[in-house]
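A.B. asks: Protein chains in written order, with our numbering: chain A, 1 to 291; chain B, 1001 to 1351.
Among the hints, a few may not be true.
Examples of chain B residues lying across from chain A (beta carbon under 7 Å, computed) [what the hints assert, rightly or not]:
#, residue
1, V1076
2, R1125
3, T1141
4, I1267
5, L1304
6, I1307
7, I1308
8, L1311
9, A1313
Think of the hints as simulated: they come from the structure by calculation, not from any bench. Ideal Cβ positions, reconstructed from N, Cα and C, are used throughout, including at glycine.
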Amino acid sequence: MGWVNAIIQGVLTGGLYALFACGLSLMFGVMKVVNLAHGDLAVVAGYVAIGIITVTHVPVLWSFLIVVPVMALLGYVLQRTVIQSALDRSVLITLLVTFGLSVVIENGLLQFFTANSRAIGTGLALVSGSFTLGSQIQIGYLLVVVFAVAVVVLLGLQYFLSASKYGRLIRAVADDQEAAQLAGADYRHVFGIAAALAFGTVALAGIAYGMYSQLSPTTGTDTILLFAFAAVVIGGLGSLWGTLLGGVVLGVAQQIGAQINISDEVLAGYILFLGVLVLRPQGLTSRRAQS
Amino acid sequence: MNLVSETTVRPAGSFRVARSRRNVAWTGAGALIVVVVLALFPYIVYSGTTAIIVQAFIVLTMASMWNLLAGYAGLVSVGQQAFVGLGAYFVLILAIHGTSPFAALPVAAIGCGVAALPLWWLVSRLRSGYFAIATWVLAATIMLIIEKFSSIGGGTGMPLPGLSGLSPALLTAYTYWAGLAVTVVALAAIYLLLRGRLGLVLTAIRDDEVAARSSGARVGLARLLVFVVAGAGCGAAGALLAISQLQVQPGAVFSVQWTAEMAFVTIIGGLGTIEGPILGTAVYMVLQQTLASYNAWYLIILGLVAIIVALFARRGLWGLVDEHLNVRLFPVGYWLRITDAAGRTGAMKGK
Chain A
1 MGWVNAIIQG
11 VLTGGLYALF
21 ACGLSLMFGV
31 MKVVNLAHGD
41 LAVVAGYVAI
51 GIITVTHVPV
61 LWSFLIVVPV
71 MALLGYVLQR
81 TVIQSALDRS
91 VLITLLVTFG
101 LSVVIENGLL
111 QFFTANSRAI
121 GTGLALVSGS
131 FTLGSQIQIG
141 YLLVVVFAVA
151 VVVLLGLQYF
161 LSASKYGRLI
171 RAVADDQEAA
181 QLAGADYRHV
191 FGIAAALAFG
201 TVALAGIAYG
211 MYSQLSPTTG
221 TDTILLFAFA
231 AVVIGGLGSL
241 WGTLLGGVVL
251 GVAQQIGAQI
261 NISDEVLAGY
271 ILFLGVLVLR
281 PQGLTSRRAQ
291 S
Chain B
1001 MNLVSETTVR
1011 PAGSFRVARS
1021 RRNVAWTGAG
1031 ALIVVVVLAL
1041 FPYIVYSGTT
1051 AIIVQAFIVL
1061 TMASMWNLLA
1071 GYAGLVSVGQ
1081 QAFVGLGAYF
1091 VLILAIHGTS
1101 PFAALPVAAI
1111 GCGVAALPLW
1121 WLVSRLRSGY
1131 FAIATWVLAA
1141 TIMLIIEKFS
1151 SIGGGTGMPL
1161 PGLSGLSPAL
1171 LTAYTYWAGL
1181 AVTVVALAAI
1191 YLLLRGRLGL
1201 VLTAIRDDEV
1211 AARSSGARVG
1221 LARLLVFVVA
1231 GAGCGAAGAL
1241 LAISQLQVQP
1251 GAVFSVQWTA
1261 EMAFVTIIGG
1271 LGTIEGPILG
1281 TAVYMVLQQT
1291 LASYNAWYLI
1301 ILGLVAIIVA
1311 LFARRGLWGL
1321 VDEHLNVRLF
1331 PVGYWLRITD
1341 AAGRTGAMKG
1351 K
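Could you build all of it, start to finish, from the sequences and the hints given here?
C.D. replies: This is how it looks when you write it as structure tokens:
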């Protein structure tokens, strides 16, 4: 029974990891930006949510309505200023700048909010409650909800990119920036929109993780960024559904590792990641080799 | 004279290729004097000062290696702390088995160079940004594996044995000389590598990778060599770190903060120049010493400065010096001097 439980829990945490990963994947897919500050921004979103809840006493679910648009706006502004000017220089500079941002944000959080971990206390039965399957399997409502949110976000992104006007613009710019520019699309603005979308999902991921576990200044890199990246590589670069599959596979590997030895949860995930890197560097879903 | 004849007809003997505009012998003599003076420091200054300089040696060695990776080979590694940690642990393991930590230092460097081979095989499958995060995951994985061995301290680490027989004054002096030796060897190795064939191949890759490949440059091999050298160098710095702190703690030696420091120091000093990390280390030490009592602030300020420099002064502080004074302490490029019919001379810079 323990193994079945591990697999079910793993699949559900996979939804959370897919939520971590889709912003990273989107920014790479559209702008070829690997945002090393991705996880730290998720932690910032979580901290902002904690701040809003403590100060205004709004219900937890309302904090999403405030934090997600604020982060999306931040994404647009950051993309139009810092990231775009780094992109105009080179890929190398973009990496260095986002790495700089990551370190600055992490140490800033450490300086202002100490190294203590904080959770987003909800007090909602939905979040803390669980239901049981059989006699031994206990499933938290929160993970089910997060998994559903991840699927909805991925479906929404998929629909948005394939069917909406802005989605077409984003794909056009991602395919050929100059041709799209000649056809009248302002690629900088389109990049800004894509970044806003990505940052919105980052905010969702940060708050969800704060509810599921605890946030500390280092969570951004040692958990969110690295797990997101592992999910992206396992699933296959540039594929949204691959990201969900990658998240699920990573989650299951971690839970199976924890089943063998409770302290090996994270290591098991990384070992699977390295295995995929060796045996199938293009990821589980992608057919073409990575360029 | 039309454009074609100007670019194709070149009368024999009208140009000369040189490494530098100035005489390299003077720079060499200067470097020798600097090293000798630095070697005499333990006799002149207080041990507190040499301890600070050892820190500078560690940062300079790591930054020079990171510069070789990112500035010359275009490989942005965010996982160099893997080698810092491995170097520290090599020293610890050898010290536990009775080797002197100072004798273990070169072994640790070589060990890290060898360890870089399988690690390269793993991460070289990914490019640019994904390469960066893959190295980070690798460093995290190595730390998690090392934490599983309780005989070398497990998750909490342990003090470095084998140095308690030395008097404090002697220990500080030995540590200082070891640091000086590591730094001089690291800089000399990088200088000689870049002056030679590898430097040419790397320049060709930087300018146009496809063209370099099609002209027969062995791109993969060049990058592998850089990764191995950088691994060995960061390993030596990690070994030095273990000796200077007298203890090895996994969370500290495998901290991404090391890579952050290497990267910021290099960017501020000047990416892609040997002089850059030296200047950057000076800036770093000043900031770190001034802001030492303000916890993480020096890293925040260093990071912000690095972002601004990366965006607005890509060649860093050394780039500004070079622009105005036109000096190279470590000339690895070539100067082409052209004398035209009228006898005027001009210089063309190539790197």
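A.B. asks: Against each hint, give a clear statement of whether it holds in the structure.
C.D. replies: Each hint, compared with the structure:
no. : hint  : verdict
1   : V1076 : holds (5 Å)
2   : R1125 : holds (4 Å)
3   : T1141 : holds (4 Å)
4   : I1267 : holds (6 Å)
5   : L1304 : holds (6 Å)
6   : I1307 : holds (4 Å)
7   : I1308 : violated (9 Å)
8   : L1311 : holds (6 Å)
9   : A1313 : violated (11 Å)
The structure shown violates the earlier hints numbered 7 and 9.
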